[in-house]
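Participant: Given the structure of chain A, go ahead and fit chain B onto it with the hints provided.
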Amino acid sequence: MSLQAKDLYAALMHELKNNLGLLTLAMERIPRQTADEENQPLDEARLMCRNVVERLRQSLLLYKATEHGLPIAIDAYSPHEFVAGMRDEALSLTHGRVSVETSVEADVPPIWFFDRNLVDIALNNAIHNSLTYARERIVIRAEMVDGMLAFSVIDDSPGYPAHILEAQSGDETDFGSGGTGLGLELSHMIAESHKNKGRSGELRLANVPGAAFTLLLP
Amino acid sequence: MTLQSIRNKDQQIDYGSLKTLVVDDIPGMRSAVKMTLSNFGITRTDVAGSAQEAMNRVANTSYDLILCDYNLGDGRDGQQLLEELRHRNLITLKTVYIMVTAEALYEKVAATAELAPDDYMLKPFNAEVLRNRLDAILLKKMAFAEVYDKFGKGDLEGAVVGCDKLIQNKPRYLIDALRFKGELLMAMGRFAEGEALYRQVIDLRAVPWARLGLARALHAQGKEETAEETLIDVLDTHPEMVAAYDLLSEVRIARKDMQGAQQALAKGATISGITVRRQKMLGDLAYENGDLATAQDAYQAALRKGRHSIFVNHTDYSNLCRVQIEQGQPNAALDTLKLAKDTLKATPEGQLVTAVIQTLAHTKSGQTEAAKRALDEASRLRSDGAHGDGRLMLELAGAYMANGRQEEGDAIVGEVARNAHDSDSLLNKAKEIYASCGREQAGEELLKTATAEVRQLNNEGVVLAQKGDFDGATQCLLTAARDAPYNPRVLMNAAWVLLRSIDKNGLDEDRLRDARRLLDDVEHLAPSHNRLPGLRSQLREIEARFGIRRSSSK
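Chains as they are written, first to last, in this note's numbering: chain A, 4 to 221; chain B, 476 to 1029.
Bound-form chain A, shown alone (with noise of 0.2 Å):
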């Protein structure tokens, strides 16, 4: 691509993403109706506008992360209100149809060095890909794993497919280029990013049998 071209297909994703934005903020005003059956397509929408906006955010990280590399911005948070937060934010996208189960393991420190903005992208993802799947619930969770701060997503859906399980273990990490695909690699890139005394962040996949997503920062 031309330089030029480069800006505008960058501009553009802004607009667009701002547009999605507006769209987001317009579609949540809408009144909730008194009888289930009329909120669920409304939901269904609301869901998938967040999924664009969340496709649209990881499409800009990367292109961002090919021109100078991931940005890093590294300052000193509560987990406890991350969680808050990534609960609140699933909650508003469920309406009640999945629970949404958060613990703060008693050993996780009042705050923890992390970049809010990737760690929010990479979990975000996760949450979307749960409550597609899940049957009933996700939990999000905070603990200590080996010295480092894990927040975990977790559904109780058949789990991941051995294909990506597979890929977590090689040395070049291939997710496929499936919209799952696209998040993990990222999740991968945000975690691998974060560096602390010697030690780099991981991305741990399981099945626990539902899908367990956790991303451990040092």
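Source of the hints: derived by calculation from the structure; they are not laboratory data. A quick note: this is a predicted structure, and the numbers were derived from the prediction, not measured. In this text, a Cβ means the ideal position worked out from N, Cα and C, and glycines have one as well. Take these hints with a grain of salt, some might be off.
Stated by the list, open to error - To be clear about the criterion: a stretch of chain A counts as covered by chain B if any three or more of its residues have a C-beta under 8 Å from a C-beta of chain B, and this derived list gives those stretches:
1. 17-31
2. 77-86
3. 89-101
4. 109-122
To be verified - Think about it this way: if two alpha-carbon atoms lie no more than 16 Å apart in a straight line, the pair counts; the simulated EDC-like pairs of lysine to aspartate or glutamate are:
5. B/Lys569 x B/Asp539
6. B/Lys820 x B/Glu844
7. A/Lys67 x B/Glu1016
8. B/Lys742 x B/Glu699
9. B/Lys942 x B/Asp978
10. B/Lys904 x B/Asp944
11. B/Lys509 x A/Glu57
12. B/Lys598 x A/Asp78
13. B/Lys598 x A/Glu18
14. B/Lys598 x A/Glu57
15. A/Lys198 x B/Asp678
16. A/Lys200 x B/Asp678
17. B/Lys923 x B/Glu890
18. B/Lys904 x B/Glu919
19. B/Lys625 x B/Glu1016
20. B/Lys628 x B/Glu1018
21. B/Lys904 x B/Glu915
To be verified - Partner residues are not named here, just some residues of chain A that face chain B (Cβ under 10 Å, in silico):
22. Arg53
23. Val56
24. Arg60
25. Lys200
26. Gly201
27. Ser203
Facilitator: Chain B only, in chain A's frame:
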């Protein structure tokens, strides 16, 4: 403890009572945000479509929360608005200021911000995210209420104590409290403690702001080499951190590496040319280095960016005009004056700039009569007490001498030299003026006498004070301050001795008043001088000890 219970326990935030301002240049965005806020009970919301409108609203109404888009479209952005609001004391630390920005801009906006907002919201955001962020910020403001209160009253000591309490008792706010305490220590001139604090934070995690803070503390203590290393190090991992280039430039100036200083500043300006101050500094450095083209671009950018802001004054116009004239474009200089006519007419200082620049420009283009008229106008303004910066005054002196009015020229050079006895660049410039009219000898002597008087009074005063003769010292230094009323170093020495004498001999209302006035003058002349914060704290400490309430800071 589950999260639900945390939320319930803290749910004391009464959103209905918050007075809110939403600033965005896009009407659809304004109403969408306003509606979103009303969803969680914030109903007292005003909107503004431009920085100017926001400024007017904030001047008339006190807001608890300002939600401002970064792009405002009227030549100013949300960061500039924040800086002006703080600068003019229209908002305090208790006001929540949230910057809304597009994702792609975020790193840039955050890295270039010298004054950080309470938080950034990346577009698009939804109601839950905003609600959660607001909860967190408001809870933090509650925890910091005492600290902000003391800070607002000028009781920095008390604010430090408040931070220490938070550091000990509120692990959630450990880093926030350390960060604020670091800024307090620096503002109080307690640089060694600042250094220790930033090293402590870096031990926890080498976050960029702590590394920048460390470099600032090192620079303030004259540890320039380590400061430079620290900055180069942080810029290696965070090349977008513009404040680090600014500081690097200052460090290099201190190391007399003027080329390196200009390079650092220019690099910062390519990343973010938005700050008026940065462009002004770049202009000054490039001018010192003889790089007139860069100087002209930088001064022009500063004026373009700052035309409607409070950060631009008459000196910026004279700086640009000077470069234009030296580049052989006297007509461009006259055009600059024309464009700025209204601003310059408003003050005697501005009028003096106009008169002196007109003199130089007309002389350059051979309009002798017009030049004479302008010089007469400058004389009239000067006899009415108008004063300009050192460079402008030397130019005026040069014009007098070129017109055979040696005595008036000498008088001005003497005045500039007394006020700038420690500035090589101005003294050299003065020598050039004398050389150009073949009076090297006379110039040499005049400069020697003028600088010697002040230097002698100044040194004598300091020695007397060290011997404990505060009356003698006060006399010397107040005389020096009268002779050199624009020399920050002399004024600060005078203030220092006055405060010492009160400290030792008890309250003397006159001396306290003098000290206060001197420091106010320095605030005006050299607001970022390293010694100023320390002297300000001493003054506050003495005022507190003798139970004197400050009659509001300005």
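Participant: If a hint holds in the structure, say so; if it doesn't, say that too.
Facilitator: Hint check results:
1. 17-31: It holds: at least three residues are needed, and the segment 17-31 of chain A offers 10 whose Cβ sits within less than 8 Å of chain B.
2. 77-86: Holds, because 7 residues of the segment 77-86 of chain A bring their Cβ atoms closer than 8 Å to Cβ atoms of chain B.
3. 89-101: holds (count 5)
4. 109-122: Our answer is that it holds, as 5 residues pass the Cβ test (under 8 Å) against chain B, meeting three.
5. B/Lys569 x B/Asp539: Within the cut-off at roughly 7 Å; holds.
6. B/Lys820 x B/Glu844: The given pair, whose Cα atoms are some 22 Å apart, is violated under the 16 Å limit.
7. A/Lys67 x B/Glu1016: violated, 51 Å
8. B/Lys742 x B/Glu699: This hinted pair is violated, its Cα atoms lying about 20 Å apart.
9. B/Lys942 x B/Asp978: Status holds; Cα separation ~15 Å.
10. B/Lys904 x B/Asp944: violated, 38 Å
11. B/Lys509 x A/Glu57: With a Cα-Cα distance of about 23 Å, the restraint between B/Lys509 and A/Glu57 is violated, given a limit of 16 Å.
12. B/Lys598 x A/Asp78: violated, 20 Å
13. B/Lys598 x A/Glu18: holds, 11 Å
14. B/Lys598 x A/Glu57: The given pair, whose Cα atoms are some 11 Å apart, holds under the 16 Å limit.
15. A/Lys198 x B/Asp678: Given pair A/Lys198, B/Asp678 holds - Cα atoms ~14 Å apart, limit 16 Å.
16. A/Lys200 x B/Asp678: holds, 10 Å
17. B/Lys923 x B/Glu890: holds, 12 Å
18. B/Lys904 x B/Glu919: holds, 12 Å
19. B/Lys625 x B/Glu1016: holds, 14 Å
20. B/Lys628 x B/Glu1018: Distance ~13 Å between B/Lys628 and B/Glu1018 Cα, so the pair holds.
21. B/Lys904 x B/Glu915: holds, 12 Å
22. Arg53: holds, 7 Å
23. Val56: holds, 6 Å
24. Arg60: holds, 6 Å
25. Lys200: With Cβ-Cβ at 9 Å, under 10 Å, it holds.
26. Gly201: For A/Gly201, the interface hint is violated, since the closest Cβ of chain B sits about 12 Å away, which is over 10 Å.
27. Ser203: violated, 15 Å
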